[in-house]
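Residues in the sequence shown are numbered consecutively from 197, following the numbering used here.
It should be emphasised that the hints constitute simulated quantities derived from the structure, not laboratory data. A portion of the hints provided could be inaccurate.
[Unchecked claim] Simulated crosslink set (SDA-like; lysine to any residue; CA at most 20 Å straight-line): (1) K296 / A275; (2) K368 / L407; (3) K250 / T295.
Predicted model, so just to flag it, every value in this text is computed and none were measured.
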Amino acid sequence: IMVVEDEVIVAMDISNSLKAMGYEVSAAASSGEEALRKADETRPDLVLMDIVLKGEMDGVATAGLIGGRFHIPVVYLTAYADDDTLRRAGITTPYGYITKPFTDRDLHVAVEIALYRHQAEARIKKTEHRLAAVLRSVGDAVIASDRKGRITFMNQTAEKLTGWRSEEAIGKKMTHIIGIKTEELENLERHLVEQVMTEGLIINLLEDHILVAKDGSSTAISDSVAPIRDDDGKTPGTVLV
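Just need the whole structure built from these sequences, with the hints factored in.
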């Protein structure tokens with residue numbers, strides 16, 4: 197854990213408390229500039245950051261840079277702060293606040309919660325990245341949409357088939373991206389938005405349809421559309437294969 201506190205005695209007291217709890221204090225810093233340098237050098241698991249720091253950068257600005265550059269969670273230490281500072285602090289998505297003066301128990305609880313939350317989020321991100329890598333790699337084109345039929349995901353095969361890059365397609369209507377220029381277009385829109393979303397149907401369109409790519413080239417396709425279901429049984433979107 198790195199402690200960023202411009203009051204030397206307070207910083208020493210916090211460091212001693214952390215060591216007594218069994219944590220390793222990787223570094224201590226008294227300014228934003230020093231904190232950035234030591235965060236890069238030691239890469240701590242957590243930063244305890246005083247919101248009010250002397251110098252050009254206060255704790256909020258420093259925390260934003262540490263989180264953005266090194267993805268290290270930050271818990272704020274604060275005795276007082278105006279409303280504007282607190283709003284700025286909230287934007288940096290801190291992993292907690294400890295109000296001075298605080299007890300060792302307050303410190304211990306805040307640190308443990310922050311570490312647990314960060315580890316949980318890291319596990320979720322790892323799972324998401326793995327699943328996204330699988331979807332990107334499969335041979336079929338996979339396109340996911342939200343409840344309004346707007347693209348939320350495209351894999352590499354879908355990019356090649358439609359001629360749209362994923363970053364271009366995100367947020368656009370699925371029926372616009374897949375470009376089926378037949379009488380089925382309105383039916384497909386209805387299937388996606390109405391039947392799949394409201395009735396929870398899985399629709400297999402086994403007969404060949406003609407998909408017209410962004411550049412005007414045509415490809416014969418067969419496709420299926422299914423609802424995406426979350427843990428609560430709700431349907432936040434659809435997936436087209």
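Here is how each hint holds up against the structure:
1. K296 / A275: Cα-Cα ~5 Å, so holds.
2. K368 / L407: The hint holds at about 17 Å.
3. K250 / T295: 19 Å, holds
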